[in-house]
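Trainee: Chains as they are written, first to last, in this note's numbering: chain A, 1 to 317; chain B, 1 to 238; chain C, 1 to 297.
Careful: at least some of the hints might be erroneous.
What the hints assert, rightly or not - Have a look at the derived ranges for each label pair, beta carbon to beta carbon:
#: 1; chain 1: A; residue 1: R181; chain 2: C; residue 2: G99; range: 54 to 64 Å
#: 2; chain 1: A; residue 1: L276; chain 2: C; residue 2: T68; range: 38 to 48 Å
#: 3; chain 1: A; residue 1: P208; chain 2: C; residue 2: A128; range: 47 to 57 Å
#: 4; chain 1: B; residue 1: P92; chain 2: C; residue 2: A158; range: 21 to 31 Å
No lab work stands behind these hints: they were computed from the structure.
On a predicted model such as this, the values are computed, not experimentally measured, just so you know.
Just so you know, even glycine gets a beta-carbon here, dropped at the ideal spot from N, CA and C.
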Amino acid sequence: MRIRHSVLFWAGFCAIVALLAVAPLGLPKFWAGFLTEILIWGLLAMSSDILIGYVGLVSFGHSAFFGLGMYGAAAALLTVSPPSLWVALPYGLVASAAVAACVAYFSTRLRDIYFAITTLIFSQIFYVIIFTWTEVTGGENGLTFSRPRLDFPGLFSVPFTTETLHWFVLAVVVLSYLILRRITQSPFGMVLQSIRENEARTRAIGYPIERYKIVAVMLSGLFAGLAGVLYAVQNRFASPDFVFFLVSGEVVIFNVIGGIGTLVGPIVGAAFFLLLREVLSRFFTEFYLIPVGIIFIAMVIFMPQGLLGFARRWLNR
Amino acid sequence: MTPLLKVEDIHTYYGKSHILHGISLEVGRGEVVGLLGRNGVGKSTTLKAIAGLVHPSAGQIVFDGRPIAGLPAYRLARLGIAYVPEDRRIFPLLTITENLRTGLDRHGVGKARKQELLDKVYAYFPVLAERRNQAGGTLSGGEQQMLAIARAMMLEPQIILLDEPTEGLMPRMVSQIREIIEVLHQEGVAVLLVEQNVPLTLDASERVYLIEKGVVRHHAASAELRADDAVIHQYMGV
Amino acid sequence: MGLDAFFAAIPFDQLLIQTVNGIVTGMILALVASGLTLIFGIMDVVNFAHGELFMLGAYVGVLTLAATGNFWVALVCASLLIALLGAVIHLTTLRPLIGRDPLTTILATFGLSLVLQNYALWQFGPVARKIQEPFTGQFAFFYLQYPWYRLVIAGLAAAIIAALWLFLKFGTYGIWIRATTQDRVMAEAMGIPVPWVLTAVFAIGAGMAAASGVLFGPLVGVNHAMGLDWVLRAFIVVVVGGMGNLGGSILAAIFISLLEAYASLFVPPSQAVIVSFVVLILTLLFRPTGLFVPTPK
Numbered sequence: 001m002r003i004r005h006s007v008l009f010w011a012g013f014c015a016i017v018a019l020l021a022v023a024p025l026g027l028p029k030f031w032a033g034f035l036t037e038i039l040i041w042g043l044l045a046m047s048s049d050i051l052i053g054y055v056g057l058v059s060f061g062h063s064a065f066f067g068l069g070m071y072g073a074a075a076a077l078l079t080v081s082p083p084s085l086w087v088a089l090p091y092g093l094v095a096s097a098a099v100a101a102c103v104a105y106f107s108t109r110l111r112d113i114y115f116a117i118t119t120l121i122f123s124q125i126f127y128v129i130i131f132t133w134t135e136v137t138g139g140e141n142g143l144t145f146s147r148p149r150l151d152f153p154g155l156f157s158v159p160f161t162t163e164t165l166h167w168f169v170l171a172v173v174v175l176s177y178l179i180l181r182r183i184t185q186s187p188f189g190m191v192l193q194s195i196r197e198n199e200a201r202t203r204a205i206g207y208p209i210e211r212y213k214i215v216a217v218m219l220s221g222l223f224a225g226l227a228g229v230l231y232a233v234q235n236r237f238a239s240p241d242f243v244f245f246l247v248s249g250e251v252v253i254f255n256v257i258g259g260i261g262t263l264v265g266p267i268v269g270a271a272f273f274l275l276l277r278e279v280l281s282r283f284f285t286e287f288y289l290i291p292v293g294i295i296f297i298a299m300v301i302f303m304p305q306g307l308l309g310f311a312r313r314w315l316n317r
Numbered sequence: 001m002t003p004l005l006k007v008e009d010i011h012t013y014y015g016k017s018h019i020l021h022g023i024s025l026e027v028g029r030g031e032v033v034g035l036l037g038r039n040g041v042g043k044s045t046t047l048k049a050i051a052g053l054v055h056p057s058a059g060q061i062v063f064d065g066r067p068i069a070g071l072p073a074y075r076l077a078r079l080g081i082a083y084v085p086e087d088r089r090i091f092p093l094l095t096i097t098e099n100l101r102t103g104l105d106r107h108g109v110g111k112a113r114k115q116e117l118l119d120k121v122y123a124y125f126p127v128l129a130e131r132r133n134q135a136g137g138t139l140s141g142g143e144q145q146m147l148a149i150a151r152a153m154m155l156e157p158q159i160i161l162l163d164e165p166t167e168g169l170m171p172r173m174v175s176q177i178r179e180i181i182e183v184l185h186q187e188g189v190a191v192l193l194v195e196q197n198v199p200l201t202l203d204a205s206e207r208v209y210l211i212e213k214g215v216v217r218h219h220a221a222s223a224e225l226r227a228d229d230a231v232i233h234q235y236m237g238v
Numbered sequence: 001m002g003l004d005a006f007f008a009a010i011p012f013d014q015l016l017i018q019t020v021n022g023i024v025t026g027m028i029l030a031l032v033a034s035g036l037t038l039i040f041g042i043m044d045v046v047n048f049a050h051g052e053l054f055m056l057g058a059y060v061g062v063l064t065l066a067a068t069g070n071f072w073v074a075l076v077c078a079s080l081l082i083a084l085l086g087a088v089i090h091l092t093t094l095r096p097l098i099g100r101d102p103l104t105t106i107l108a109t110f111g112l113s114l115v116l117q118n119y120a121l122w123q124f125g126p127v128a129r130k131i132q133e134p135f136t137g138q139f140a141f142f143y144l145q146y147p148w149y150r151l152v153i154a155g156l157a158a159a160i161i162a163a164l165w166l167f168l169k170f171g172t173y174g175i176w177i178r179a180t181t182q183d184r185v186m187a188e189a190m191g192i193p194v195p196w197v198l199t200a201v202f203a204i205g206a207g208m209a210a211a212s213g214v215l216f217g218p219l220v221g222v223n224h225a226m227g228l229d230w231v232l233r234a235f236i237v238v239v240v241g242g243m244g245n246l247g248g249s250i251l252a253a254i255f256i257s258l259l260e261a262y263a264s265l266f267v268p269p270s271q272a273v274i275v276s277f278v279v280l281i282l283t284l285l286f287r288p289t290g291l292f293v294p295t296p297k
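Throw the hints in and build the complete structure from the sequences for me.
Mentor: Listed below in structure tokens is the structure:
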């Protein structure tokens, strides 16, 4: 039974990855890029799921990690020549990890609502810094830069096209998923989940809760930063808009819509949200957030397990 | 005559665990009825279900001729069911007068009547009168118990549900509680008394229900049980 | 540098002006935050949409002012209308969440803030509207002509907060509210209609936010995004003051506004916000229960 289940899982997994891999070949350019963007936002949402779904901490600060990933990549692409993907990645990751360490140190002393507010305010601190420090960050206008090449030294070096970028992003997202899945199923992941279920008891057993939470926040921030680097490479700019807390809010929305604690759910949520936005914004122009907000509220009230949980229950019937 | 309160075969769950397995009991108008049993057999849950704080998944509760299961607790309080919980649950930051006013400030109670009710409980409980402007949280355990009962009396209830009123009190306080129950009885207020204190319960009540594992196992007049304590031994292990 | 030179370098006149400015914004912030605190204290709801209620209040003020020409009518109308909106919001989106994880209320009110903000953008457009202050008198204050209106705002905000306090302290419904905050289950057992008390508190908080929006409107102009800024600062105030602690929130509002006012002597106002962030972080580090509450035993 268990084995069959796991065979089914991996078969499904391979099929979906294969489908996503060939998709850009059959899709018009716009939708291929759109799919890449879904994957990037999905990665960001997945990183946030580590906290929401596994530790039970709702972070409103993921825009800061994401944004710092973007600006870190921007710094590398603008200052190091020739611009290289393999310099941009560590720059972005180090920047977001540093921010995550700082946020984690302060916010993990707090729980529930307090955690949400602290992370929110931290992301606003970074927003204000980035927004006002014009000489370095470009302020309101942000930074623009050119895309590096996709090169594996000694193997090949190609420019990023819609397709190669998509494949690269897909590879990173799939790899991240596998790593995060492994982590959540590891003993470490189990401790995180027991913190969510009963923090006091987990502490009583003797686990240093704060340390676990700090590591979880940093892990989450690191993957959010990775998403930021990918986004910077795709769009060739870094802008303070992405550090603003509304982006964090959208990430939380992705999670709730898709279903928390599933890792895949948030990607589904991101896809659903972005598609909804794409469709609705044709009817409601920039006011698409009105129907999106209403749908979101309805889902919080009536479908607390998200699309994935809902589908699962529906299938089990 | 129809009883004031009739509980018929109620079942409750706490999460997945089945707490009450079909409790049935009756309390007549102005009658004092005891509910005895070991810890954790569902006595408190029975009271909570009657007060509307726990909603039974099955069964009927009829109060004063109308079915009340499923009504919100605040409606039941207005109908005349007052609840005095085991842990008293005084509003700790409200003064004693304010604690009393939570039950007193209802629609349809005139100013004169309010004063009358206040004067009455302050006459019963001079300790509370002395400290009327002190925060409820500063009172001792016994004083808090008195305040909890006084607060319940503000609702001018037809029945008071008393959950272990003597728990943790000094003997002097226990006898005072016994007197209060007698006063309530004389005023025509019915009392459903949950207790561990067997002598007090047998002394104060007219009839007693013995509960075990969420069902009523035995039902008898208190006088009968006072004469023969074999049944009490069986269910209370004393 | 001698001591005399040091004192001479301090711009006392500017310092005093900023003190007055800080107290004025502090009172408005206190008005916003006390509604937020009340809502948090009684129902554990962090109301993300509070800033939007502030903003919508200001817009209702703009419209009624245009229709009636009377600022005070606009103030009252906006408060009542937004209080009503608050009640409707509570009934439709928050009541179904009673008994669920408090985090779900953050999510629901966040969704709500998106809806309300974009609704305002859709209805009123991106151009800021202006509320004309009810009187334009000024008095000489050092080298400035200082508008009387600002002082009146501070006074009015203080009066509204005082009225709230009196209501909570002595009113029957005030006792109901406090009893519900302290023990929701027992309040219900005492015949207090708790679900309606919660709705009423949400409405009161919404009405107070709307009143602050109208009062503050003349100083900055009204636009759809004005709520964001306020809700963040109100959150900071509520945490620094101690969650659910009304007196603490008021003190914290004034404290933080004063610090920001002084800071803006040296840095642009957009950076002065960082001061309040720093206060928040220090508070969380050293007194996580809030600056203005007695250390718990």
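Trainee: A separate judgement is required for each hint: does it hold in the structure or not?
Mentor: The hints, checked one at a time:
no.	hint	verdict
1	R181(A) - G99(C): 54 to 64 Å	33 Å, violated
2	L276(A) - T68(C): 38 to 48 Å	41 Å, holds
3	P208(A) - A128(C): 47 to 57 Å	51 Å, holds
4	P92(B) - A158(C): 21 to 31 Å	29 Å, holds
Of the numbered hints listed earlier, the single one contradicted by the structure is hint 1.
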